[in-house]
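Top line first, the protein sequences correspond to chains A and B.
With my numbering applied, the first sequence covers 1 to 303.
With my numbering applied, the second sequence covers 1 to 170.
The set of hints was computed from the structure by calculation and includes no laboratory data.
Wrong hints could be hidden among the right ones.
Claimed, not checked - Distance ranges between label pairs, derived from CB positions:
| no. | chain 1 | residue 1 | chain 2 | residue 2 | range |
| --- | --- | --- | --- | --- | --- |
| 1 | B | G115 | A | G251 | 48 to 58 angstroms |
| 2 | B | A150 | A | Y12 | 25 to 35 angstroms |
| 3 | A | E80 | B | I118 | 22 to 32 angstroms |
| 4 | B | G89 | A | P149 | 42 to 52 angstroms |
| 5 | B | A11 | A | E217 | 43 to 53 angstroms |
| 6 | A | E217 | B | P94 | 48 to 58 angstroms |
What the hints assert, rightly or not - If the Cβ cut is set under 10 angstroms, some of the chain A residues that face chain B in the computed set are:
| no. | residue |
| --- | --- |
| 7 | V22 |
| 8 | R128 |
| 9 | T138 |
| 10 | S202 |
| 11 | G248 |
| 12 | G251 |
| 13 | L265 |
| 14 | F267 |
These numbers were taken from a predicted model, which means no experiment stands behind them.
Positions of the beta carbon are idealized from the N, C-alpha and C atoms, including for glycine.
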Amino acid sequence: MAVHRRASRRRYVLLVLVLTSVTLITLDSRRDDSGPLGAVGRAAHTVVSPVEKAVDKVADPVGDWFDGLTDRGSLTQENERLRRELEELQDEVRRAEEALRQNRILRELARLPILDDVPTETARVVNRSTGNFEWTITLDKGTEAGISPDFPVVGPAGLVGKVVESWNGGCKVRLLVDPLSGVGVRVLPGLASGSAEGRAGSERLRLELDSGVAVAEGDAVVTSGLENSVFPEGLSVGEVVEIEREEGGLGTTVRVLPWTDFDELEFVRVLKWVPGQGPVVSTTTTTTTAPPSTSTTTIDEAD
Amino acid sequence: MRWWRVALAAALLVVVQVAVFPHLRLFGVVPDLGLLLGVAIAYRHGPEAGALGGFGAGLAYDLFLETPAGLSALAYALTAHGVGVLQAGMLREPRGATPVIGLVAGLAGGLLFAGIGILAGFDALRGTRTLEVIALAATYDAVLAPAVFALVNRFVDADRTGASGFTIRS
C-alpha cells in the first residue's frame, strides 16, 4: 500500500513539473521580454554580469598565452605577411577616403541618412553563447549606456548582429549566423536583394534570390535598409562564396560568408538606431540635426 | 538531503555554466551541469527528488538561454526522473558508473531538449548538426559527471553520508 502511494506521488510530482514546463514554454514562446519572465531573466543577467566580466578578465590573457605558445612559429610568418598587406592597404585607404567624401556629399544631396550621424557605444565582448544551440555574444554595457533591444551591432569588419536583450551592466547580441537571425541585404554591384538567414552550425548565411539575377562569387553583400528593416542601409555583411541555381529557373540560393570573424571579436560598436525610425538622440547630450529624410527617436538615458 | 543545499548547488553550477564554461568549450560545445546535478540527485535520492532538482537547475539555466524558458527544465526533469527509476531497479552499483551515467543522461537530455524544442516551434534545433552537438555535449557531460556526483556527495549530502558517499538511499 505504502509503495503504491509513493509511486502515485512520484507520478503526481512529475506530472506537475511537466505541466509547469509546458505552460512556461508556451508563455515564453510568445514573449516580447516585457513580461515577468523577461524581468526575471534581466535580473538574473544583472546578478551574473560581474562574474562574467571577472571571468573574462582572467580567461582572456590565459587563452592568449596558450595561443601564443602553440602558434609562435606561424605568428612570425603571419607578422611579415601582414606588414606587406598593410603597405598595400594604406594606398587603398587613401582612395577609399576620397570615395567616402564623395559618397557623403552625394548622400547629403539625395537626402539619405548618413551612418556617421548615428550615435554609437563601444563595448567589450565579455562572454559568448551560453548554450549549445545559440550563437550570441554578451557585451559589458547595457541599459545604463542607453543600449536597447534591436540596436544593430558592428565590428571592425562589418555587421555583427543585433541586441536582443539588455540589462543594467550588459546586453546580449544575436549574431548574424544564428538560425533566428535574418538581415535584409543587397548584393553589389547589382540590385539583387533578399533576406540572408543564419543556419544552425554553419558559418555561412543563406540568401534566396530570383532566378534571373546577376550574381557572382566574390560579390560584396551589404544591408539593404529597406523600409522597416532592422539594420540601416550600407553596412558591410560579407561576400558571396557559393551560388546554386535551381533547375527550371525556380530561383538562386547564395551562400554568404560574413566578413566578421565572430570567434575573434573583442570590441564592437552598438549603433543607437531604432528600426524604422532612425538614430536615437539622447536628451542628455547636445541635439544634432538629423538628415531631412530620417526621423529621430528620443530616449532619455536615465532609464 | 537538504533542499537549501540543492538550491545553492544549482545556483553555483548555473553561474559556472554561464560565466566559465563558454570559455572552456570543447569542440565548440558546453556541458550541461544542471542536468548532471539532477541526475546525481536522482541517483542518490530517487526519481522524485532528481526530477525536482533537475527542474530547478534547468529553469535557472533557461533564464540565460534564447530557447523558451522551461525547455531545459523539462528535459532535465524527465532525464533525472528516468535515471532515478533505472537506478531503483539496479541490484548493485557498478564501479566507475558515473561517466557512463553522465554520457547516457547527456544523450537522453539532449535528445529530449531538441525534440521538445522542435515541437514547440524552435526551428533552430533542426538539422544534423544538432545530433553532433548532442553527442559532443554528452561526452563532455561524461567527463564532468564524477565531479558533479562528488559535489552532491560531499556538499548536498554531507550531513548524512560523511565522506563515504553513495551509501544511504532515502
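Structure-based check of all given hints:
In this structure, G115(B) and G251(A) break the distance hint of 48 to 58 angstroms, their C-beta atoms being roughly 31 angstroms apart. For the hinted restraint 25 to 35 angstroms between A150(B) and Y12(A), the CB-CB distance of approximately 32 angstroms keeps it satisfied. For the hinted restraint 22 to 32 angstroms between E80(A) and I118(B), the CB-CB distance of approximately 49 angstroms leaves it violated. As the Cβ distance of G89(B) to P149(A) is approximately 49 angstroms, the hint placing it in 42 to 52 angstroms holds.
Between A11(B) and E217(A) the Cβ separation comes to about 50 angstroms, which falls inside the hinted range of 43 to 53 angstroms. Hint check: E217(A) to P94(B), Cβ distance near 56 angstroms, so the stated range 48 to 58 angstroms holds. Residue-level restraint check for V22(A) holds (minimum Cβ-Cβ distance to chain B is 7 angstroms; threshold 10 angstroms). A least Cβ separation of about 5 angstroms between R128(A) and chain B falls short of the 10 angstroms threshold, and the interface hint therefore holds.
This hint holds: T138(A) has a C-beta 9 angstroms from the nearest C-beta of chain B, less than the 10 angstroms allowed. Here the hint on S202(A) is kept, as its CB sits about 8 angstroms from the closest CB of chain B, short of 10 angstroms. Restraint check, G248(A) versus chain B: the minimum CB separation of about 26 angstroms is more than 10 angstroms; hint violated. Interface hint at G251(A): violated, since its Cβ lies 20 angstroms from the closest Cβ of chain B, which is beyond the 10 angstroms cut-off.
Taken as an interface hint, L265(A) does not check out: its beta carbon lies about 13 angstroms from the nearest beta carbon of chain B, beyond 10 angstroms. Interface restraint check for F267(A): the shortest CB-CB distance to chain B comes to about 17 angstroms, outside 10 angstroms, so the restraint is violated.
The structure shown violates the earlier hints numbered 1, 3, 11, 12, 13, 14.
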